[in-house]
Each structure stands twice: as C-alpha cells, then as structure tokens.
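Enquirer: Just so you know, we're using UniProt numbering here: the sequence shown kicks off at 1 and counts up by one.
For lysine-lysine, the following DSS-like pairs were computed, each having C-alpha atoms within a straight-line distance of at most 30 angstroms: (1) 201 <-> 259; (2) 88 <-> 259; (3) 286 <-> 259; (4) 88 <-> 201; (5) 165 <-> 286.
Now the in silico label distances, taken between C-beta atoms and shown as ranges: (6) 306 <-> 114: 42 to 52 angstroms; (7) 163 <-> 27: 49 to 59 angstroms; (8) 298 <-> 152: 24 to 34 angstroms; (9) 34 <-> 320: 44 to 54 angstroms.
Bear in mind the hints are in silico, worked out from the structure with no lab data behind them. We put the beta carbon where it would ideally sit given N, CA and C, even for glycine.
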Amino acid sequence: PDIVVRQVDDGVKWRAKITIFFNTKNTSRPFTTANSQVLIADAVAGGNRGTVNYVDIQSLGDLDGNGTSDFILYQNSGLVPDIAIPDKVLFISPNNGGVSTITEYQFSGYLDVTSSNSVGEANLFHDVNGDGLLDWLAVDVDMTLAVRMNTGGDFDPVWQGLAVKLPMYQVGYLASINEPETIYLPNLNFTFSMDYDGDGKQELLFAKDVVASACSQVENWRYSGGRQILATDWFCDNRLWSLIQGRYDAFNIRSVNGKELDVSARRYEAIYFDESNAGNITASIKATDIIASAGQKAAIDATGDGLVDVVTTFDCQRPNCKWNLETSSLSNGVKT
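Could you put together the complete structure from these sequences and hints?
Expert: Here you go:
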C-alpha cells in the first residue's frame, strides 16, 4: 500500500503540506522522497467565515470509477460545529511515470441549512445504489437525509430528499460574541455501513434502542441548595451525549464525550436504499438482529468465509463506569 503523510513545514507560520508516498516495492526502502508526490501544498487555509481552517484529507475509495482510490479534502466552518464540509475531490489517475495525475473537483451546490437555527451542516458519503461509487449525503433543515448521486467524476446537481433520519444529538459551542449556542448534528458514531441482506448493496445501519445500559461519572456544574456547584453525577446511555452547563450558565456549554463513554449495547436498524428505473432514490428503515456497542463496532469478514460479520465490544472500557444494570440503582444524581 501507499501512505499519505501530513508534514509540518514551519510551525511558526502554521505551514503544512500533505504528501503521498508511493510504495517502491523495495522491502529495504519501501518509501522514499524521490517516489512521492505532494497532494496539498498548503494544508492550512483561510475559512469562509474569516477563520483559520485546518485541512483534513481522507481516502474513502474510488469516486470516479477508474479503479484507484481518490481523496476528499475537507474544511471546517469555523466557530460553528459541523460534520466536516467536503471542499474538493482529488481524483487520482496512475500514469507510466511512477507518479499519478491529480485532477481537482470543486464541491458546490451544498444543501442549504441556513434557514434553520438549530441544524448544523453535516455531510457523509455512502454508496446508495450499489454501483461502487460513493454518493453524497447531507442532512436537511428538517433533519432528514438527502442525496446527490455520484455520476462518475461528478455529482448529480439535484438533491433528492429521502425522508429518513439518523440519530441526532445537540452540540454546544461559543458564538463569536462569547455567548453559548447549540446546534443539532447527526451522531455518526452510531452508524456504520454493511451489506446486511447480501444483495450487493450496502445498507446504512444506526444504533437505536438500548439493550444493556452504560453509565459513567461526569463532572458538571449544576444547582444545589440555591447555588451552582461542581458535581460528579452518573450519566447513562443517551445522556452520555447530552449538554452540560458551564459555571453560571454562561460559558462552557458542551456535550458529554459520548464517543469515549457510551459503551451501551444497542439494537441496530438499517436504512435501505432503492433506485427506480428513472433514477429516483427512496429510502426505508427496517429492523435488524444486530446488537452491538453504540460506538465500538466494525463490519468485517472475521472468519474468512466471505460473509461480513459485526465485531464489537461490550462492558466498560474506562474507569468510573457501570455496564448492564438498572440505571435506577444509581444515586439520585443519575441522568437516565
């Protein structure tokens, strides 16, 4: 395999570049500077809201159908939390010179959620119709998913509404005037993709009902006896993704770190996608028999029989945690 590396050039000026190192197939020196190519010369850029954005790049697979993995370049939106906004696709085409030809595709026509004060920008990629190309999904103002289909090097200009929702959670942040604000984003930690029914298309699965609870102690400010105190309380299951208040209810509004703390076992549901002869996409939600951890799970062929399995963990992974119990057995500070 080849590797992609972020290299800091000048820590004072916040300069960095992203370089791909091609495998030389020489086991003593598999990666060399001579056999490398710069993907992004400046990996720190000015944001569209006047902020400095740290560029993120991911290889999600073949986006144009030529058999090579391509890269998606992301930028964040500044102070307002979001699910990283795709900025460009770097299409990779191999040539005979030992390097690759890089063609940039600029994303445009983003799903506009500015009319909503409560829903943040959220984008993800999933092969909806099973053609091997990742399609562009986003969350609309009503929190339902919409899709632009990948046509092989481009995306259909029309957003198609799908009328299905992913689990959402509330995120706290400080606005530019140092006032606390909140926004809803999809909880992508609850999701993963797999071909659940073996029809050649991947379904988008998400965690829903709790089967075995997880509770963790969380430090937070709350009122007691008419004044605000710093307390350590038990938070369980969905409350492990809830907002906690800062001191005097003015600052430090943030979400509990459910990504690390929520190890509850949950029953999973699947979003199925169907395409009509006219190219119209519809989606529906169906139950599955999968029970797995809310965040720590993966879809892989664990036994080598060609069938996709779900590998997960159960029980606590960190201290000050309780698992698989009745939440009412905890102290009166429990958050169920």
